[in-house]
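These protein sequence lines map, in sequence, to chains A, B, C and D. According to the numbering used here, the stretch in the first sequence is residues 8 to 343, in order. According to the numbering used here, the stretch in the second sequence is residues 8 to 343, in order. According to the numbering used here, the stretch in the third sequence is residues 8 to 343, in order. According to the numbering used here, the stretch in the fourth sequence is residues 8 to 343, in order.
Hint data in this document are derived by calculation from the structure and do not stem from the laboratory. Please note that a few of the clues may not be correct.
It does not matter which identical chain is used: a pair holds within one copy or between any two.
Stated by the list, open to error - With a cut-off of at most 30 Å between alpha-carbon atoms, the simulated DSSO-like pairs for lysine-lysine come out as follows:
{"no.": "1", "residue 1": "K169", "residue 2": "K13"}
{"no.": "2", "residue 1": "K201", "residue 2": "K186"}
{"no.": "3", "residue 1": "K201", "residue 2": "K169"}
All values derive from a computational prediction rather than experimental measurement.
4 protein chains.
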Amino acid sequence: MSEQLKTSLGIWALGPMVTRFVPGGYQPDHAGDTTAQKVRRAVDGLGDLIDGYEFHYPAELNEDNLDQVREALGDHDVYCLCGGLHLDPRFGKGGFVSADTAIRDEALRITFRAIDLAGELGANMIIWPGIEGYNYPFQSPYRDSWARLIDAFGQCAQHCRKAGVTLFLEHKNSEPAMKIMMGNIGMTLHVIHKLRAQGLDNVKVNMDWQHLIMNGENLGEYAALLAAEGVLGHQHANSGWGTFDDDNMVGATAFMETLELALELRRAGYGRRGERLGFDLYPYTEDQVGAVRRSVLQWRFIDGVAARIDDSALREAQNRKDAIAAYELVYAALGA
Amino acid sequence: MSEQLKTSLGIWALGPMVTRFVPGGYQPDHAGDTTAQKVRRAVDGLGDLIDGYEFHYPAELNEDNLDQVREALGDHDVYCLCGGLHLDPRFGKGGFVSADTAIRDEALRITFRAIDLAGELGANMIIWPGIEGYNYPFQSPYRDSWARLIDAFGQCAQHCRKAGVTLFLEHKNSEPAMKIMMGNIGMTLHVIHKLRAQGLDNVKVNMDWQHLIMNGENLGEYAALLAAEGVLGHQHANSGWGTFDDDNMVGATAFMETLELALELRRAGYGRRGERLGFDLYPYTEDQVGAVRRSVLQWRFIDGVAARIDDSALREAQNRKDAIAAYELVYAALGA
Amino acid sequence: MSEQLKTSLGIWALGPMVTRFVPGGYQPDHAGDTTAQKVRRAVDGLGDLIDGYEFHYPAELNEDNLDQVREALGDHDVYCLCGGLHLDPRFGKGGFVSADTAIRDEALRITFRAIDLAGELGANMIIWPGIEGYNYPFQSPYRDSWARLIDAFGQCAQHCRKAGVTLFLEHKNSEPAMKIMMGNIGMTLHVIHKLRAQGLDNVKVNMDWQHLIMNGENLGEYAALLAAEGVLGHQHANSGWGTFDDDNMVGATAFMETLELALELRRAGYGRRGERLGFDLYPYTEDQVGAVRRSVLQWRFIDGVAARIDDSALREAQNRKDAIAAYELVYAALGA
Amino acid sequence: MSEQLKTSLGIWALGPMVTRFVPGGYQPDHAGDTTAQKVRRAVDGLGDLIDGYEFHYPAELNEDNLDQVREALGDHDVYCLCGGLHLDPRFGKGGFVSADTAIRDEALRITFRAIDLAGELGANMIIWPGIEGYNYPFQSPYRDSWARLIDAFGQCAQHCRKAGVTLFLEHKNSEPAMKIMMGNIGMTLHVIHKLRAQGLDNVKVNMDWQHLIMNGENLGEYAALLAAEGVLGHQHANSGWGTFDDDNMVGATAFMETLELALELRRAGYGRRGERLGFDLYPYTEDQVGAVRRSVLQWRFIDGVAARIDDSALREAQNRKDAIAAYELVYAALGA
């Protein structure tokens, strides 16, 4: 990996930075920006640090603003489209899991259109089913909800196959639904196994780092496991404190866990088949371009440390599960 | 406590139910409602279940809409005004803790006006310093921030004293600031001790139940401790899953913990000096009036069970720390 | 379910109650008890409340003490044998995942003997791979560890098939390994899918309730999902505060979650094919027999409430995801 | 701080490494070691890396083995004695909080003897009230328990004053009691304020890092706050994953948080009045001397990075709460 991993950026990092307490956002000066304007701001500020961009469909990118956005992108590409049902209040109680056929059909229709557009653009499709869940015990018919969820993912995967699109599934334990059904990597693998049983093998995993961190899922272990299963599809790089979905700058916390992830991505040859490092940041009160730039630079530093770890010595220590020898190697790479 | 505790309701339960993903809210039909309209809806739907209401200053109640709101309130009162700095993007990096004198002064000015209005209305003042914190390690000058925070609380308490207002401090560990400085009941007591050392004794605690639950703070213990210290000022009743600030209906989860709290409130004689049970709910996708009504009714059921616990037998069991005997009494009160 | 679910009890509830701080146990008077003595104490104290018992192999039940234990059991049966690698310091860095062939082979040999004994006794086999994990980042060769873990489970499942034994897999996120690889229900399903792909279908899930609770895994949802997948094998009933593996009495906390689980077990017809309610308790400082009895009685109360919920009305509410209507039904069943 | 902070080590790092599952320990070869033997092993292996040692009274150090231990210590000192009620099953339901006068008096008597010995040795006294709590809701008479706890701390502080000993209080949220009453730094400050009100000012705080980390208490903030209050007494250095009390090697995780702590300790002049860096490690399956040595060396590396941070530039960034500028300085110090 003498050359850097290619990168992408979720454009939502450049919005007004809304919270439930401040609907107008912590950065209200960006409230009126069109997607094209956000892209232009990002491209101007970040240049070659970011290779491509990611957009929610239809809220951020759709058939109507496509030309404008492309112009703003210049020679950058659309790397992923992302399902945006969670941005639409009609799906507040779920889309794919809804027992209301009209709502569910509409959720699928919108997602299919997103997939079609991804196909046209040569982009990947991310589905993060953050509204497919519930807020209360006793509120949900779990068995039916799960059947509907798997069925919907199956329809989406099939639609992706027709469109020549790779589908990345992304998990999270909570928010916006308090209990999201596909709540951890294990449940994501469960979904993938169910789809494989239907012959659908174009589905991989998008690892949103803070979603793992807030779940107690150790980044390096999961990257290695997903790579071994052939489903390590994409990364949403960020960091956080461990409980909420902070979407903080990469390497701000969870430094050692991020460093181990860099090592495991290297071991897995991540990037060789075109995989990228996506950035999913939400810089509430920070300069947005600055937060992205810091994240890229901090990742490069961390990845550089990973490159300096004596991996054959580390493998030998790991076979003995010798944490002391392992850390001696890690700190040596840090310069100790 | 043959008669029910008096109640109050935070009017924000009747808003559009915003999330960071849906700035227009899950219930956008309520987006345009004035506070008076929300009050009317609440009063019409809830009647005598709710005695008074609570409002953020100035976002929900201020000098300009006071007459309208009062008219809508009918014979219900304004029980608390709540500081609303967290609703104002100017204070995204903190108000009381800001090193920028202009911002800090403005935060204090607004809060003083809120206190003045509370004084005129005979209401209590709640300060929940949710924006007084930080999002990143290395971001804050902690020593200065703490000094400014304590100083600001002192100024507020002094202003309250002049206005004849009781100040309720409310803690939380996170959101909107990822790390809120006054993050647990212990730190709230620390603040109160610091203010007492300045001779300020008009400061009590508002226990937001879900803020305790998400902190691992056992409701009953803290109610008993705060009562013993003479600082059990107010309750914000709700429930949740244990990690986020769900603001769910009372008794939806944490049932046993809520039951024990009811018992400890009875032991403390809570309500005898006019204390009320405030409801702080955020029914994202539920009928708002219905969620409040359910909460009141579920509280009454739980409180009724607490009343049936044989307290002298329980005290005897507790002196031996005999959990088995204790639970036999509790389940007997439930009807087992 | 007019008749009660059959029950079983993990005999470890009757030991000296060790902690890492008190190796002799909080109840050192039980330190010298043989397994037969513990069984006799349990049978005498609990009678028909408990139908069968569960034992770790070889620490608690083995070829040598089998006759004694059977005599003590009287007409109670051995319902499960449990793998006990976590009780043996030789496997402190893992057994199935060990890169040391001698250690791994020994781990498998011991487990096979346990399975053989389970087969002879007509019992089920539980494997909770609590020592298959790691304590530090950088300590483990994840890819190899996972391959060895899946392979070992496959060998165990195959051995079970030959012995006519059903294998129950039990997850946990942490303790004794700080990071246990099969750390949640999703990862358990992943393992089961991998084994199914090898043609092994005699593997189901043992839901240890506190292991789910401390993981944020909502009991009712998972019971419904596992039942739908045909892998809801066994229950280890208990409760706790939500962070550690407290193994407290059933219904002491997580009351609503336990009630919802009771409802979902009823919906799934749990018990009709011989499934039981196992109790996995660790009453550190309580009377052991008393803690088990309380747990059974509290479960029966909770299950009785579940039976009174108007399920057709609830299903109707759930199809609308109407939490308010759902809770009205739940509280009505409680007697509100 | 051109010279290193002086250090101390809790001798329990050199024991058999017990868990509740393995009473004989993961390292049973150390099960029979006397304290003097452990000290000799530590002194031989660690030499000048560790200046002094810490011991629980009476389990590890007492009047009977004092001479032996002192001989083994050579020119190293006893830096702290630690209360050891949690090691004694008689206090399984609490010592200081017990309603049983005989038990409470015995708990106080033992603690007073520990203080006396600390006084003779010129050592500090640590009380970590880990058994002063409860396992269940409804189990405890909270008001009485808190009154007894504060009273006992008062008696201990008074006894310390007579003996010329500084008392360090150490908090934790859970384990061994599931709910420890003095569960966070805020509650520790509450206790200290209560004691100050009695005129007792010889009480400071021992920050056990993992106890803060598992509580979501950010190390740097609390060090700064405690220093500002004049109660930053001692450190128990370690690390962990964020949920349990892992007592892992320093700098294994929470790297950035530890780095910020190093910075704040420097800002506070920690060490200038003789404060030390104590190590509280529990290397379950690692070489014990090796784990301590790694911890010291990793701390020195981290502290060296802290020394390279441009503090005046950082202060300037912090006054603006500019996280981006802050991290640029931090990564520059790391060598980026």
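Here is how each hint holds up against the structure:
no.: 1; hint: K169 to K13; in the structure: within (27 Å within a copy, 51 Å between copies)
no.: 2; hint: K201 to K186; in the structure: both (21 Å within a copy, 26 Å between copies)
no.: 3; hint: K201 to K169; in the structure: both (19 Å within a copy, 27 Å between copies)
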